[in-house]
Amino acid sequence: MLRRKVRRILAVDDVLDNLLLLQVFLEAEGFEVEVAESGIAALQQLQQTCPDLVLLDVMMPGMNGLEVTERIRSRNCTLPILLVSAHDKTQVQPGLDAGANGYVQKPINFLTLLERINALTA
1132 MLRRKVRRIL AVDDVLDNLL LLQVFLEAEG FEVEVAESGI AALQQLQQTC PDLVLLDVMM
1192 PGMNGLEVTE RIRSRNCTLP ILLVSAHDKT QVQPGLDAGA NGYVQKPINF LTLLERINAL
1252 TA
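According to our numbering, the sequence shown is numbered sequentially starting from 1132.
Be careful, since some hints might not be right.
[Stated by the list, open to error] Computed beta-carbon distance windows for the label pairs:
#	residue 1	residue 2	range
1	Gly1230	Ile1171	13 to 23 Å
2	Leu1242	Ile1171	13 to 23 Å
3	Lys1136	Pro1225	29 to 39 Å
4	Asn1207	Asp1148	30 to 40 Å
5	Asn1240	Met1190	13 to 23 Å
6	Arg1139	Arg1206	11 to 21 Å
7	Glu1246	Gln1154	15 to 25 Å
8	Ala1159	Asn1207	11 to 21 Å
9	Ala1159	Pro1225	25 to 35 Å
These aren't lab readings, by the way, just hints derived from the structure by calculation. C-beta atoms are modelled at their ideal positions from N, C-alpha and C, and glycine is treated no differently.
Sequences are here, hints too, so could you generate the full structure?
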């Protein structure tokens, strides 16, 4: 029997309840989940580890998801980035233009989130 590699996700959100909810859901689905409470913390973690996907909130104080996406892409990194936003796609478009691979709208539909993650990490 073939064993599937455990996929690792870095979830980034400044709201701790959102991080906990994402972590519990994704770990129940078999993912390893690391969390970061800010864009700066996420970039620091990415210097230490390379997850299979970054799940990135757009609206964060300090360094927002757009800026984090630009910094990741400036390293010529092909790491999949999935934005999470309370806004519709017109508000997320700059992040997609910066190199994000897609977005999920809040409140999160967890089946849709799982489909997007599986598509980007297959």
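Status of each hint after checking the structure:
In this structure the supplied range 13 to 23 Å holds for Gly1230 paired with Ile1171, their Cβ-Cβ distance being about 19 Å. Separated by about 31 Å at the C-beta atoms, Leu1242 and Ile1171 break the suggested range of 13 to 23 Å. Between Lys1136 and Pro1225 the beta carbon distance is about 33 Å. The supplied range of 29 to 39 Å therefore holds. One distance hint, 30 to 40 Å for the beta-carbon pair Asn1207 and Asp1148, holds here, with the actual separation near 34 Å.
In this structure, Asn1240 and Met1190 meet the distance hint of 13 to 23 Å, their C-beta atoms being roughly 19 Å apart. The hint said 11 to 21 Å for the Cβ distance between Arg1139 and Arg1206, and at roughly 18 Å that hint holds. Taking 15 to 25 Å as the suggested C-beta distance range, the pair Glu1246 and Gln1154 conforms, at roughly 19 Å. Between Ala1159 and Asn1207 the beta carbons are some 34 Å apart, a value that contradicts the proposed interval 11 to 21 Å.
Checked against the hint of 25 to 35 Å, the pair Ala1159 and Pro1225 passes, with Cβ atoms roughly 32 Å apart.
This entry does not satisfy hints 2, 8, going by the numbered hints stated previously.
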